[in-house]
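Enquirer: Sequence:
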Amino acid sequence: MGDSFYEYLLKVWIQGNKTESVKHYRQMWETSMEGLISLTRQTTPSNYTYICEKSGGSLSHKMDELACFAPGMLALGASGYGPEKAKQIMNLAEELARTCYNFYQTTPTKLAGENYYFHAGQDMNVGTSWNILRPETVESLMYLWRLTGNKTYQDWGWDIFQAFEKNSRIASGYVGLRDVSS
53 MGDSFYEYLL
63 KVWIQGNKTE
73 SVKHYRQMWE
83 TSMEGLISLT
93 RQTTPSNYTY
103 ICEKSGGSLS
113 HKMDELACFA
123 PGMLALGASG
133 YGPEKAKQIM
143 NLAEELARTC
153 YNFYQTTPTK
163 LAGENYYFHA
173 GQDMNVGTSW
183 NILRPETVES
193 LMYLWRLTGN
203 KTYQDWGWDI
213 FQAFEKNSRI
223 ASGYVGLRDV
233 SS
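Numbers 53 to 234, taken from my numbering, label the letters of the sequence shown in order.
Worth flagging that the hints you see were computed from the coordinates, not collected in a lab. Keep in mind that a hint or two might mislead.
[What the hints assert, rightly or not] 30 Å max Cα-Cα, derived DSS-like pairs, lysine-lysine:
#, residue 1, residue 2
1, Lys63, Lys106
2, Lys114, Lys70
3, Lys75, Lys137
4, Lys139, Lys63
5, Lys203, Lys63
6, Lys137, Lys114
7, Lys162, Lys114
Construct the entire structure; sequences and hints are all you get.
Expert: Written out as structure tokens, the structure is:
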């Protein structure tokens with residue numbers, strides 16, 4: 053539940069022009085990302101990459117849609133590494149973005165639930181099935197599109213926008229859904 057802290061470590065470093073006076077924020081971010089990497093797993097059969105939740109010494113194979121800020125954050129931070137590590141971090145960002153996009157694509161409404169569970173031999177299952185219009189996945193897709201130029205991320209963002217238009221649009225704006233599965 054401290055996601056913004058990690059994102060802001062990186063953004064303070066960037067907004068501080070990556071100078072010596074803000075270098076410690078980058079170092080703190082890199083240390084944190086090693087922790088994040090240690091929590092990543094892959095599903096079978098589709099090889100979706102996800103981030104486990106850690107509570108004390110135990111891991112839960114659950115990922116919130118809220119954690120879909122991570123692909124954009126990783127993509128934004130990749131350029132601060134040397135070439136080999138930058139490629140590893142960007143690959144992880146892209147793998148996580150694919151998972152987050154598929155949070156949307158695996159429901160009848162094409163909108164993501166609040167969280168997903170990953171069980172051995174299965175890709176993902178909706179946990180909490182409401183959608184409260186979270187922007188994290190779309191923000192990550194925007195970063196990835198801008199940083200890679202890969203139009204796929206733009207297309208995925210458009211797919212999500214169309215699902216919101218179809219399922220959440222009302223006369224006065226947008227409304228969340230109680231159940232993305234119906």
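Enquirer: For every hint, state whether the structure bears it out.
Expert: Okay, the hints, checked on the actual structure:
{"no.": "1", "hint": "Lys63 to Lys106", "in the structure": "holds (24 Å)"}
{"no.": "2", "hint": "Lys114 to Lys70", "in the structure": "violated (34 Å)"}
{"no.": "3", "hint": "Lys75 to Lys137", "in the structure": "holds (18 Å)"}
{"no.": "4", "hint": "Lys139 to Lys63", "in the structure": "holds (20 Å)"}
{"no.": "5", "hint": "Lys203 to Lys63", "in the structure": "holds (25 Å)"}
{"no.": "6", "hint": "Lys137 to Lys114", "in the structure": "holds (26 Å)"}
{"no.": "7", "hint": "Lys162 to Lys114", "in the structure": "holds (20 Å)"}
Comparing the model with each earlier hint shows a violation of hint 2 alone; every other hint is respected.
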